[in-house]
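**Student:** Line by line, the protein sequences are chains A and B.
Residues in the first sequence are numbered consecutively from 6, following this note's numbering.
Residues in the second sequence are numbered consecutively from 51, following this note's numbering.
I should point out that these hints are in silico values taken from the structure, not numbers from a laboratory.
Certain hints may be false.
Said to hold, decoys possible - Okay, derived cross-link-like pairs now, BS3-like style, lysine-lysine, Cα gap no bigger than 25 Å in a straight line:
no., chain 1, residue 1, chain 2, residue 2
1, A, Lys125, B, Lys99
2, B, Lys184, A, Lys134
3, B, Lys166, A, Lys92
4, B, Lys67, A, Lys174
5, B, Lys184, B, Lys173
6, B, Lys184, A, Lys128
7, B, Lys208, B, Lys99
8, A, Lys174, A, Lys248
9, B, Lys97, B, Lys208
10, B, Lys94, A, Lys92
11, B, Lys67, B, Lys94
12, A, Lys257, A, Lys33
13, A, Lys174, A, Lys92
14, A, Lys27, A, Lys77
15, A, Lys147, A, Lys33
16, B, Lys67, B, Lys184
17, B, Lys173, A, Lys132
18, B, Lys99, A, Lys134
19, B, Lys184, A, Lys132
20, A, Lys147, A, Lys132
21, A, Lys125, B, Lys184
22, A, Lys238, A, Lys252
23, A, Lys128, B, Lys173
24, A, Lys81, A, Lys134
25, B, Lys173, B, Lys67
26, B, Lys173, A, Lys92
27, A, Lys92, A, Lys147
28, B, Lys184, A, Lys124
29, A, Lys134, A, Lys124
30, A, Lys128, A, Lys77
31, B, Lys67, A, Lys124
32, B, Lys94, B, Lys208
33, A, Lys77, B, Lys94
34, A, Lys147, A, Lys128
35, A, Lys124, B, Lys94
36, A, Lys92, A, Lys81
37, A, Lys199, A, Lys27
38, A, Lys23, A, Lys174
39, A, Lys23, B, Lys166
40, A, Lys92, A, Lys124
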Amino acid sequence: MNNIIQFENVSKSFGDLKVLDKLNLEVKDGEKLALIGPSGSGKTTILRILMTLETIDDGFVSVNGEYLWHEKNNGKIIPASENHLHKMRDHIGMVFQQFNLFPHLTAIENVEQPQILIKKRSKPEAKDKAEELFNLIGLNDKKDHYPHELSGGQQQRVAIARALAMEPKIMLFDEVTSALDPELVDEVLTVLRKLASDTDTTMLTVTHEMNFAREFADRVLFFDAGQIVESGKPENIFANPEKRRTKEFLKKFINNVN
Amino acid sequence: MEWNWDHAYAVLPQLLKGLVITIEATIVASLIAYILGLAIAIFKMSKSKFVRVSLYWMTEFVRRTPILVQLYVVFYVLPDFGIFLEAFTCGVIVLGIHFSTYTSEVFRAGIDNVSKGQWEAAKSLNYNPYQAWKHVILPQAIPPMIPPLANYLITMFKETPLLAFITVVELFRAADQYSNSYYTYLEPMTLVGVFFLIVSIPSAMLAMKLEKKFKPIKVTR
Numbered sequence: 006m007n008n009i010i011q012f013e014n015v016s017k018s019f020g021d022l023k024v025l026d027k028l029n030l031e032v033k034d035g036e037k038l039a040l041i042g043p044s045g046s047g048k049t050t051i052l053r054i055l056m057t058l059e060t061i062d063d064g065f066v067s068v069n070g071e072y073l074w075h076e077k078n079n080g081k082i083i084p085a086s087e088n089h090l091h092k093m094r095d096h097i098g099m100v101f102q103q104f105n106l107f108p109h110l111t112a113i114e115n116v117e118q119p120q121i122l123i124k125k126r127s128k129p130e131a132k133d134k135a136e137e138l139f140n141l142i143g144l145n146d147k148k149d150h151y152p153h154e155l156s157g158g159q160q161q162r163v164a165i166a167r168a169l170a171m172e173p174k175i176m177l178f179d180e181v182t183s184a185l186d187p188e189l190v191d192e193v194l195t196v197l198r199k200l201a202s203d204t205d206t207t208m209l210t211v212t213h214e215m216n217f218a219r220e221f222a223d224r225v226l227f228f229d230a231g232q233i234v235e236s237g238k239p240e241n242i243f244a245n246p247e248k249r250r251t252k253e254f255l256k257k258f259i260n261n262v263n
Numbered sequence: 051m052e053w054n055w056d057h058a059y060a061v062l063p064q065l066l067k068g069l070v071i072t073i074e075a076t077i078v079a080s081l082i083a084y085i086l087g088l089a090i091a092i093f094k095m096s097k098s099k100f101v102r103v104s105l106y107w108m109t110e111f112v113r114r115t116p117i118l119v120q121l122y123v124v125f126y127v128l129p130d131f132g133i134f135l136e137a138f139t140c141g142v143i144v145l146g147i148h149f150s151t152y153t154s155e156v157f158r159a160g161i162d163n164v165s166k167g168q169w170e171a172a173k174s175l176n177y178n179p180y181q182a183w184k185h186v187i188l189p190q191a192i193p194p195m196i197p198p199l200a201n202y203l204i205t206m207f208k209e210t211p212l213l214a215f216i217t218v219v220e221l222f223r224a225a226d227q228y229s230n231s232y233y234t235y236l237e238p239m240t241l242v243g244v245f246f247l248i249v250s251i252p253s254a255m256l257a258m259k260l261e262k263k264f265k266p267i268k269v270t271r
């Protein structure tokens with residue numbers, strides 16, 4: 006299988022703070038990845054770089070066999086133009102911690118508008134697609150509500166549908182349950198589990214829900230200080246972590262969860 | 051001194067003419083204030099620090115000096131430099147520029163109020179900047195701007211008598227001319243006040259209604 010995502014020696018700093026330090030990462034097409042680790046360890050930055058919301062300072066990122074932040078011009082490698090980024094963004098969708106639904110549009114309009122504007126679908130096509138997705142997220146009865154009339158969990162499910170409607174090859178989930186009240190977390194995770202088992206979309210999830218990471222992921226990456234400390238199958242990482250830092254981190258969660 | 055209806059009737063046609071000039075001046079000045087204010091707001095978000103800092107001091111300068119002084123400079127001093135403008139033109143330009151420094155704050159606050167997450171969501175869905183402005187940012191930014199912009203319109207309307215000082219025969223100067231000719235201030239000035247009230251009270255009520263209608267969109271978490 007090909008790598009759909011590749012980070013080669015990618016570095017990124019915010020001021021003096023180095024969030025990614027010569028990071029190397031390969032993700033196979035269709036892989037479901039969980040990124041875990043302490044806050045500020047660079048997990049979210051990886052997703053934001055892929056979504057082109059953050060630039061990189063050094064190294065190369067490839068998506069679907071092409072450089073993301075660079076392009077080739079007459080054999081020379083130059084920084085990516087806005088046109089190139091626009092083309093590359095088509096492969097990628099993202100769901101945010103704060104949902105970021107458009108508050109002036111109803112739930113279904115949130116899902117329809119990007120399809121009409123970006124995918125150039127007709128209104129009926131966009132509506133069909135949106136309704137299909139509202140079935141998937143189990144919110145058919147709420148589709149004409151405005152975001153502020155929905156609970157956080159419902160808003161997040163709509164945000165997932167909105168990203169899915171664009172049919173990206175890669176879906177990025179950035180702590181999508183962190184802003185939710187505890188009783189609303191499950192309804193969102195249920196949708197993610199369904200997606201993970203039903204689609205061959207590549208999925209990268211930054212999460213603090215260890216139980217979810219265990220069931221959902223093909224591979225778990227433990228991050229600390231801008232580096233991948235340990236990576237492997239969830240059963241290995243969670244049951245027999247090799248590195249001391251991983252053990253310490255997981256201990257906190259296991260104590261809390263069990 | 052007693053109210054004389056003859057004076058009241060006699061001054062009325064001139065006052066109505068003046069009122070038309072007042073309203074025209076308000077409309078033109080407010081258009082300048084809105085368009086220039088939006089431009090200032092956009093340029094104040096510029097990446098260039100030079101642009102931002104220059105705009106800051108320009109708007110501070112305009113805002114911290116009296117409108118009357120600005121009117122005199124533009125009308126009486128610019129001709130010394132070979133720039134001749136009609137009194138009405140001078141008046142609306144000065145009023146418009148003066149208030150653009152205030153409306154720019156309204157525009158900026160409206161745009162700032164739309165969270166960074168909205169830009170990021172639009173970008174993640176591959177909206178280009180134009181589509182993001184048109185379909186995501188402005189529809190959220192504009193409604194809360196409408197009430198304060200309406201209030202500035204009413205304020206500008208009330209400031210138009212300043213144009214009298216540079217010879218524009220608007221409502222106030224029309225009354226003043228009559229008063230000077232017939233040595234009576236009671237009727238003309240009372241009517242001027244009444245005219246201002248007749249326009250500004252309903253406008254203020256409308257602005258309050260707009261405020262209720264265009265409450266910022268709620269975002270729940």
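**Student:** None of the hints should be skipped; say for each whether it holds.
**Tutor:** Hints and how they fare:
| no. | hint | result |
| --- | --- | --- |
| 1 | A/Lys125 - B/Lys99 | violated, 38 Å |
| 2 | B/Lys184 - A/Lys134 | holds, 24 Å |
| 3 | B/Lys166 - A/Lys92 | holds, 23 Å |
| 4 | B/Lys67 - A/Lys174 | violated, 68 Å |
| 5 | B/Lys184 - B/Lys173 | holds, 13 Å |
| 6 | B/Lys184 - A/Lys128 | holds, 18 Å |
| 7 | B/Lys208 - B/Lys99 | violated, 36 Å |
| 8 | A/Lys174 - A/Lys248 | violated, 32 Å |
| 9 | B/Lys97 - B/Lys208 | violated, 37 Å |
| 10 | B/Lys94 - A/Lys92 | violated, 30 Å |
| 11 | B/Lys67 - B/Lys94 | violated, 40 Å |
| 12 | A/Lys257 - A/Lys33 | violated, 30 Å |
| 13 | A/Lys174 - A/Lys92 | holds, 13 Å |
| 14 | A/Lys27 - A/Lys77 | holds, 22 Å |
| 15 | A/Lys147 - A/Lys33 | violated, 36 Å |
| 16 | B/Lys67 - B/Lys184 | violated, 41 Å |
| 17 | B/Lys173 - A/Lys132 | holds, 22 Å |
| 18 | B/Lys99 - A/Lys134 | violated, 45 Å |
| 19 | B/Lys184 - A/Lys132 | holds, 21 Å |
| 20 | A/Lys147 - A/Lys132 | holds, 14 Å |
| 21 | A/Lys125 - B/Lys184 | holds, 17 Å |
| 22 | A/Lys238 - A/Lys252 | holds, 15 Å |
| 23 | A/Lys128 - B/Lys173 | holds, 21 Å |
| 24 | A/Lys81 - A/Lys134 | violated, 41 Å |
| 25 | B/Lys173 - B/Lys67 | violated, 53 Å |
| 26 | B/Lys173 - A/Lys92 | holds, 12 Å |
| 27 | A/Lys92 - A/Lys147 | violated, 33 Å |
| 28 | B/Lys184 - A/Lys124 | holds, 17 Å |
| 29 | A/Lys134 - A/Lys124 | holds, 12 Å |
| 30 | A/Lys128 - A/Lys77 | violated, 37 Å |
| 31 | B/Lys67 - A/Lys124 | violated, 56 Å |
| 32 | B/Lys94 - B/Lys208 | violated, 28 Å |
| 33 | A/Lys77 - B/Lys94 | violated, 35 Å |
| 34 | A/Lys147 - A/Lys128 | holds, 19 Å |
| 35 | A/Lys124 - B/Lys94 | violated, 33 Å |
| 36 | A/Lys92 - A/Lys81 | holds, 19 Å |
| 37 | A/Lys199 - A/Lys27 | violated, 34 Å |
| 38 | A/Lys23 - A/Lys174 | violated, 29 Å |
| 39 | A/Lys23 - B/Lys166 | holds, 23 Å |
| 40 | A/Lys92 - A/Lys124 | holds, 12 Å |
Of the numbered hints given earlier, the model fails hints 1, 4, 7, 8, 9, 10, 11, 12, 15, 16, 18, 24, 25, 27, 30, 31, 32, 33, 35, 37, 38; all others are met.
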